[in-house]
Amino acid sequence: QVQLLESGPRLVQPSETLSLTCTVSGGSISGYYWSWIRQSPGKGLEWIGFIHYTGRTNCKPSLKSRVTISVDTSGNEFSLRLTSVTAADTATYYCAKYDSGTSTYLDYWGQGALVTVAS
Amino acid sequence: QSALTQPASVSGSPGQSITISCTGTSTDVGGYNYVSWYQQYPGKAPKLIIYGVTNRPSGVSNRFSGSKSGNTASLTISGLQAEDEADYYCISFTSIETYVFGTGTEVTVL
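As you go down the protein sequences, you meet chains Y and X in turn. Numbering of the first sequence is given in my numbering, commencing with residue -17 and proceeding in unit increments. Numbering of the second sequence is given in my numbering, commencing with residue 1160 and proceeding in unit increments.
Chain X with its partners taken away, still in its complex shape (with noise of 0.2 Å):
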């Protein structure tokens, strides 16, 4: 169970959009629609911001957005903003009935 591929590290400057992928498997992301990205600033637990592949839970920003195409989940910052800077991760439920977090991606604000 090899954890999911996300890029190490994605910038942008405030207002740009950026995207960060998220690859498994066909027994995982590609299998179904039970993705879920978390934002996780430094000493501090991880907050849902998106789940289902394309939910957003009440009080997340409408910044936020979640897809899905094949083995690839992706989630989108829109309006990027100096807040935004955080490490995100993506988590699937595989098919043996467990989960496996994406390796993390560190989105820095130029």
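One chain only, chain Y, in its complex shape (with noise of 0.2 Å):
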């Protein structure tokens, strides 16, 4: 059964930059595509992006200027990085895992890491 969990800081100031780390258990993080997703307090599910383990990458248009997905194959993890923070990042942030069959929908959700952007 694979396990993903969301690790990085929880308070971050505006205009600096947002790390998460989700590392993955049970399974290996080669041979599929992962993703992250965030959902602002009391709103719904953004896309931010997905990696393939070979470390190819898209992401949501309006974001790609911030965001820099990252995989590290030895380690089972892949990273988020997003830069220039608001308050508007404000939000749980998700890593995913994309099934191993077509790669179109996300069977395995980590439990979520809410990071608050405020000085």
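Incorrect hints may appear among the rest.
Here are the simulated DMTMM-like pairs of lysine to aspartate or glutamate, each with C-alpha atoms no more than 20 Å apart in a straight line [said to hold, decoys possible]:
id: 1; chain 1: Y; residue 1: Lys25; chain 2: X; residue 2: Glu1265
id: 2; chain 1: X; residue 1: Lys1203; chain 2: Y; residue 2: Asp89
id: 3; chain 1: X; residue 1: Lys1206; chain 2: Y; residue 2: Glu(-2)
id: 4; chain 1: Y; residue 1: Lys25; chain 2: Y; residue 2: Asp71
id: 5; chain 1: X; residue 1: Lys1206; chain 2: Y; residue 2: Asp71
id: 6; chain 1: X; residue 1: Lys1203; chain 2: X; residue 2: Glu1256
id: 7; chain 1: Y; residue 1: Lys25; chain 2: X; residue 2: Glu1256
id: 8; chain 1: X; residue 1: Lys1203; chain 2: Y; residue 2: Glu28
id: 9; chain 1: X; residue 1: Lys1206; chain 2: X; residue 2: Asp1246
id: 10; chain 1: X; residue 1: Lys1203; chain 2: X; residue 2: Glu1244
id: 11; chain 1: Y; residue 1: Lys42; chain 2: Y; residue 2: Asp71
id: 12; chain 1: Y; residue 1: Lys42; chain 2: X; residue 2: Glu1256
id: 13; chain 1: Y; residue 1: Lys25; chain 2: X; residue 2: Asp1246
id: 14; chain 1: Y; residue 1: Lys46; chain 2: Y; residue 2: Glu(-2)
id: 15; chain 1: X; residue 1: Lys1203; chain 2: X; residue 2: Glu1242
Covered stretches of chain Y (in silico footprint by chain X; criterion: 3 or more residues with CB under 8 Å from a CB of chain X, positions within the stretch not fixed) [claimed, not checked]:
id: 16; segment: 19 to 29
id: 17; segment: 37 to 49
id: 18; segment: 75 to 89
Source of the hints: derived by calculation from the structure; they are not laboratory data. Source: prediction; values computed, not measured. Cβ coordinates follow ideal geometry from the N, Cα and C atoms, glycine included.
With the hints as a guide, bring both chains together as one complex.
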């Protein structure tokens, strides 16, 4: 059973960089696509981007200038960096795994990490 | 890239059937059979309930079913139960190889 766990600072200063890591256990990161999703308090889900274990990535166009998603296959983890954050980036950030077949749906999710942007 | 449109809320009595729509465009919902649906309880991570428009993962109740017509995908919950009270989200693959979520629907069991 694959398990995902988000880790990183829960409080980030405005204009700084948000950094989160998703550690995968119970399975290998290799062979799959992985994703970051966020949810602002009381709001809906927002897809941020995906990364393949080979390093291929894509992300939501409106976030592209601020988002970097990377993968560390030796550490069995992948990461999210979001620069120049504002209060609007306050959200619960989820990491998730794409299925092994079509790689088009998210079959395993982390528990989520609430990150607050405030001074 | 606009969010897919879902009704903000849908309600029904126990035992009834309800349907949640998810409307996009020909560059997302209408263009691909890669729509999935997620159920989310407050404070919890979303759970996959439908993938590939109509497919149900192992362990998900057969009261959940999915369909698509044109640019609109739909999730139907039949035999509504109290435990179905949750938020539901659709998500679709898009023509620029990204994904876009729906606006979310709160289901209330009366």
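task: Starting from the hint list further up, note which numbers the structure goes against and sort them upward.
output: Violated: hints 3, 5, 6 and 7.
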